[in-house]
Structures are given as C-alpha cells and as structure tokens.
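Visitor: Sequence:
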Amino acid sequence: MIALLDINNFYVSCERVMNPALVGRPVVVLSNNDGVAIARSNEAKALGIGMGQPAHELRGLVRSGRLRMLSSNYTLYGDMSARVMQILADRTPAVEVYSIDEAFFDLEGIRNPAGFCADLVTTIGRWTGLPCCVGVGPTKTLAKLANYAAKQASRLDPAHTSVVDFTARHARDPVLDALAVDQVWGVGPRIAARLAKDGILTAGQLRDAQARRLRHQYSVVVERTILELRGQACLALEMTPPPRKQIVCAKSFGAPVSNLGELRQALAHYVAIAAGKLRRQQCVAGHVQVWLATNPFNERITQYSRANSFPLPRATADTGVLSTLAQRAMRQICRGGITYHRVGLMLSELTAEDSQPGDLFSGNDPRRQARLMASLDAINTKMGRGTVRLAREGFNHAWATRADRRSPAYTTQLAQLPVARAV
DNA sequence: TCTGGGGTCCTAGGACCC
DNA sequence: TCTGGGGTCCTAGGACCC
Numbered sequence: 024m025i026a027l028l029d030i031n032n033f034y035v036s037c038e039r040v041m042n043p044a045l046v047g048r049p050v051v052v053l054s055n056n057d058g059v060a061i062a063r064s065n066e067a068k069a070l071g072i073g074m075g076q077p078a079h080e081l082r083g084l085v086r087s088g089r090l091r092m093l094s095s096n097y098t099l100y101g102d103m104s105a106r107v108m109q110i111l112a113d114r115t116p117a118v119e120v121y122s123i124d125e126a127f128f129d130l131e132g133i134r135n136p137a138g139f140c141a142d143l144v145t146t147i148g149r150w151t152g153l154p155c156c157v158g159v160g161p162t163k164t165l166a167k168l169a170n171y172a173a174k175q176a177s178r179l180d181p182a183h184t185s186v187v188d189f190t191a192r193h194a195r196d197p198v199l200d201a202l203a204v205d206q207v208w209g210v211g212p213r214i215a216a217r218l219a220k221d222g223i224l225t226a227g228q229l230r231d232a233q234a235r236r237l238r239h240q241y242s243v244v245v246e247r248t249i250l251e252l253r254g255q256a257c258l259a260l261e262m263t264p265p266p267r268k269q270i271v272c273a274k275s276f277g278a279p280v281s282n283l284g285e286l287r288q289a290l291a292h293y294v295a296i297a298a299g300k301l302r303r304q305q306c307v308a309g310h311v312q313v314w315l316a317t318n319p320f321n322e323r324i325t326q327y328s329r330a331n332s333f334p335l336p337r338a339t340a341d342t343g344v345l346s347t348l349a350q351r352a353m354r355q356i357c358r359g360g361i362t363y364h365r366v367g368l369m370l371s372e373l374t375a376e377d378s379q380p381g382d383l384f385s386g387n388d389p390r391r392q393a394r395l396m397a398s399l400d401a402i403n404t405k406m407g408r409g410t411v412r413l414a415r416e417g418f419n420h421a422w423a424t425r426a427d428r429r430s431p432a433y434t435t436q437l438a439q440l441p442v443a444r445a446v
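To convert a position in the first sequence, counted from 1, into my numbering, add 23.
If you're looking for bench data, these hints aren't it; they were derived computationally from the structure. Every value quoted in this text rests on a predicted model; they were computed, and no experiment measured them. Be a bit skeptical, because a hint or two may be false.
[To be verified] Result set (DMTMM-like, lysine to aspartate or glutamate): computed pairs, CA atoms no more than 20 angstroms apart in a straight line: (1) 274 to 261; (2) 68 to 80; (3) 68 to 131; (4) 300 to 231; (5) 174 to 221; (6) 405 to 102; (7) 274 to 388; (8) 268 to 416; (9) 300 to 200; (10) 300 to 102; (11) 174 to 372; (12) 268 to 285; (13) 300 to 372.
[Claimed, not checked] DEER-style ranges, computed between Cβ atoms: (14) 145 to 374: 15 to 25 angstroms; (15) 82 to 324: 16 to 26 angstroms; (16) 333 to 420: 41 to 51 angstroms.
Ideal Cβ positions, reconstructed from N, Cα and C, are used throughout, including at glycine.
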C-alpha cells in the first residue's frame with residue numbers, strides 16, 4: 024500500500040505559520056517576478072481567484088483590503104519542506120520526496136495504516152504548524168486521487184478527517200465514477216479533450232476503458248494510468264532521486280531590457296546560479312544552451328526570440344568557462360533595437376565530476392580550476408551569495424526579478440528571526 | 001503598466017550500424 | 001510475385017507534472 028502526503032496550499036500555509044494574521048483570510052502567493060498567483064488559500068479560491076491568474080488583475084481586491092498578496096519566499100518554503108520530510112523519514116520505512124510539498128511513502132508492515140496516517144497529520148500539524156492530507160491506495164495514481172478526495176472533503180468540512188483510504192474497491196469506485204477525468208494524475212488538458220471526444224469523461228470511464236486499445240491510440244502512459252486506476256501498480260516508489268539531466272536558469276526581467284550590456288550582465292548572473300547548482304550536485308556539464316525572447320504579451324513591440332547552443336570541448340563546472348561560452352552563444356543571436364523580456368540558460372549532458380578523464384595535452388589542470396571554484400563557493404556560503412563573483416555580472420541590476428511583497432527569511436537568517444512578544 | 005520557473009518522459013522519423 | 005533482421009542514436013515536438 025502506498026500513501027501520498029500533500030501539504031494544503033503549501034506556500035500560503037508556510038506564510039501563515041509565521042504570520043497568524045493571514046489565517047482565515049484570502050491570501051495568494053505570487054510567482055517569480057510577482058507575475059501570477061501560484062498558491063491560493065481556500066478563502067482566495069472561494070473568491071474565484073484562479074491558478075496562474077495575473078497579479079495585476081488582483082490589484083483591485085488587494086486595494087479594497089479583501090485579499091492579501093505575497094511574493095514567493097522559497098528560502099522559507101524550502102526550509103519548512105525539509106522539516107516535514109524529516110518527520111516522514113523518521114517514521115516510515117521508505118519515502119519518495121515527490122515535490123516541495125508532496126511525498127509518497129510505503130505503508131508495508133504498518134499495522135492500522137489509517138490510524139498511523141492520522142497520527143502523522145497531527146504530528147506534522149503540531150511540530151511545524153502546517154496542515155496536510157494523506158491519501159492511501161494500492162497504486163500511486165489511486166493514492167493521489169485519495170489525497171485529492173481528502174482535500175476536497177476537508178475544504179467543504181474542516182472537521183472531516185484528513186485521511187482517505189482507497190484500498191478497497193467499494194471505497195474508491197463510486198468516487199472515481201463521479202470524478203472528472205482531468206483530475207487524474209497524468210491526464211492533462213490535451214489528453215482530457217481527446218478522451219472526451221472518445222466518450223471518456225470520468226475517471227471511472229477511463230478505468231473501464233480498453234487499456235490495450237488506448238495504448239495504441241494514445242500512449243503507453245495512458246495505458247499505465249488505466250492499469251493504476253484498476254489497482255495494478257505500474258509506478259514504483261523512487262526512494263533515491265535520479266540525478267538531474269539538465270539545469271535550467273531562466274527568469275523574466277523585473278523591467279524590460281534593451282541595453283545589450285545589461286543583457287550580458289543578466290546572462291552572467293544566471294550562469295553563476297546554474298553553475299553553482301551544478302557544483303552542488305557534483306557534476307560537470309558538456310553542453311550549454313542560451314535563449315532570449317521579448318514579451319509575448321506585449322503587442323506593441325517587435326517580437327523576437329532565438330536560441331543558440333554549444334558543446335563544450337571538455338565538460339566543466341567552472342563558472343568562468345561556462346560564462347565565456349554562454350556569452351559567445353548569446354552574441355550570435357542578440358540584436359540591438361529589441362526590448363528583451365527574458366534570457367535563459369540550460370546546462371545539459373551532465374556527468375559526475377569524478378568520472379571526467381584527464382586531459383593529456385592541455386596545460387590547464389582541471390583540479391586547480393575546481394579548487395578555485397570550491398574557494399569561491401565556500402566564501403559565498405559564509406559571507407552571502409554573490410560576495411565573490413565574475414565582474415561580468417555587474418552590481419546594479421535594474422533588470423533584477425521583482426519581489427516587492429516578500430516575507431522575511433524567518434527560519435534561515437538570524438537577523439530575520441520572528442520576534443515573539445508577551446501580550 | 002503589469003502575464004513564472006524548473007523539470008521529466010514518450011513518440012516518430014531519419015540516419016546509421018552490422 | 002516475393003528483395004533481411006535487429007538494433008542504436010539523435011532530434012524535434014508534444015504532453016505532463018508541481
């Protein structure tokens with residue numbers, strides 16, 4: 024049996040732990056650059072605010088005091104997530120951390136699974152302040168749906184238990200029969216539209232469809248989903264995350280950029296971020312891709328978007344080497360007289376740093392380069408990100424991502440600890 | 001005025017190998 | 001009349017996830 028734990032409205036719930044004034048009120052957390060809503064409290068959902076709704080459409084509600092809007096604070100969310108995952112790891116034999124706010128875990132060998140899960144929800148609530156729901160089922164897909172059912176029930180009735188168990192067919196089949204097919208994990212809007220044309224509108228109808236036929240008509244993914252809905256497990260628990268195959272850093276600018284110098288700065292900055300991630304996972308990259316684009320929503324400007332990429336002669340995690348190559352790639356595609364909105368970078372063909380063969384003919388000693396980077400990382404870890412950087416990155420970043428409504432780093436910066444006062 | 005970011009997997013077709 | 005069989009690698013595009 025597999026369980027899925029999912030923290031309710033995760034980003035909003037993290038903000039509420041630190042700022043109780045947000046409890047019970049409509050709250051949304053915005054994407055990077057304060058662009059769109061990516062997390063909504065139940066009260067905000069009740070106001071009709073959609074996932075991905077642009078922030079500027081919500082200004083009116085904020086101004087009239089009916090909605091609180093916050094920038095995202097990933098430092099806080101990452102830390103809160105780690106606390107929850109630790110509680111889970113301490114109590115269950117096998118955990119797959121599936122995303123920042125979700126984890127699958129194995130219930131094999133646990134007596135009274137429902138009671139165990141209910142205790143878990145209580146413990147997480149007491150120790151971290153975060154509300155969560157657990158779904159249980161014979162497969163990951165059914166555990167997901169059980170979790171969804173638990174969320175729906177607790178939204179309608181806060182007194183409802185936060186655990187739903189879909190182990191028994193009689194418990195799950197009636198729910199599946201009434202559930203829209205696009206709520207099923209793995210069925211997105213495109214597949215759902217095609218299924219609708221074939222007369223499959225509910226999760227129950229998908230469960231009862233001919234798996235073989237749909238495999239040929241759609242793909243093996245749909246076939247697996249059908250089998251999983253019937254209780255036949257096709258997806259295993261992945262306890263050790265597979266190594267990343269690519270690292271992407273792409274952000275839209277806080278303000279439009281038409282100056283090529285600023286564009287180069289931004290790219291250099293993103294290379295530094297991506298290369299830092301690369302070194303943290305002890306890998307080197309063999310390929311660099313760069314792209315840039317104008318704002319697709321702005322109809323008054325000339326639209327322009329290009330990508331360019333290079334293989335590296337020798338895989339590396341050296342910020343300087345990667346940066347030089349990335350700048351060369353960008354030089355070949357950027358034009359003057361364009362108002363840019365976004366530049367992005369992808370490092371791929373990642374391999375473990377210690378699997379790199381030596382280079383007999385080059386005078387450069389890669390180990391020396393690696394030591395230089397290790398020193399840079401050590402200084403920046405101790406003194407703050409960007410203390411030592413490439414001159415190319417510059418200092419006054421007019422293009423930097425906006426985050427006008429960000430809460431403090433309550434749990435990770437001594438200077439920003441929350442203060443408790445006696446009343 | 002203002003519209004996110006970071007990932008994975010699957011498929012089909014072409015090129016190429018022995 | 002009938003013209004092999006089995007495989008890999010690469011790329012682009014599509015779809016999905018949180």
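Visitor: Take the hints in turn and mark each one as holding or not.
Guide: Evaluation of the provided hints:
no., hint, verdict
1, 274 to 261, "30 angstroms, violated"
2, 68 to 80, "15 angstroms, holds"
3, 68 to 131, "36 angstroms, violated"
4, 300 to 231, "45 angstroms, violated"
5, 174 to 221, "29 angstroms, violated"
6, 405 to 102, "18 angstroms, holds"
7, 274 to 388, "34 angstroms, violated"
8, 268 to 416, "26 angstroms, violated"
9, 300 to 200, "44 angstroms, violated"
10, 300 to 102, "17 angstroms, holds"
11, 174 to 372, "40 angstroms, violated"
12, 268 to 285, "29 angstroms, violated"
13, 300 to 372, "14 angstroms, holds"
14, 145 to 374: 15 to 25 angstroms, "44 angstroms, violated"
15, 82 to 324: 16 to 26 angstroms, "23 angstroms, holds"
16, 333 to 420: 41 to 51 angstroms, "26 angstroms, violated"
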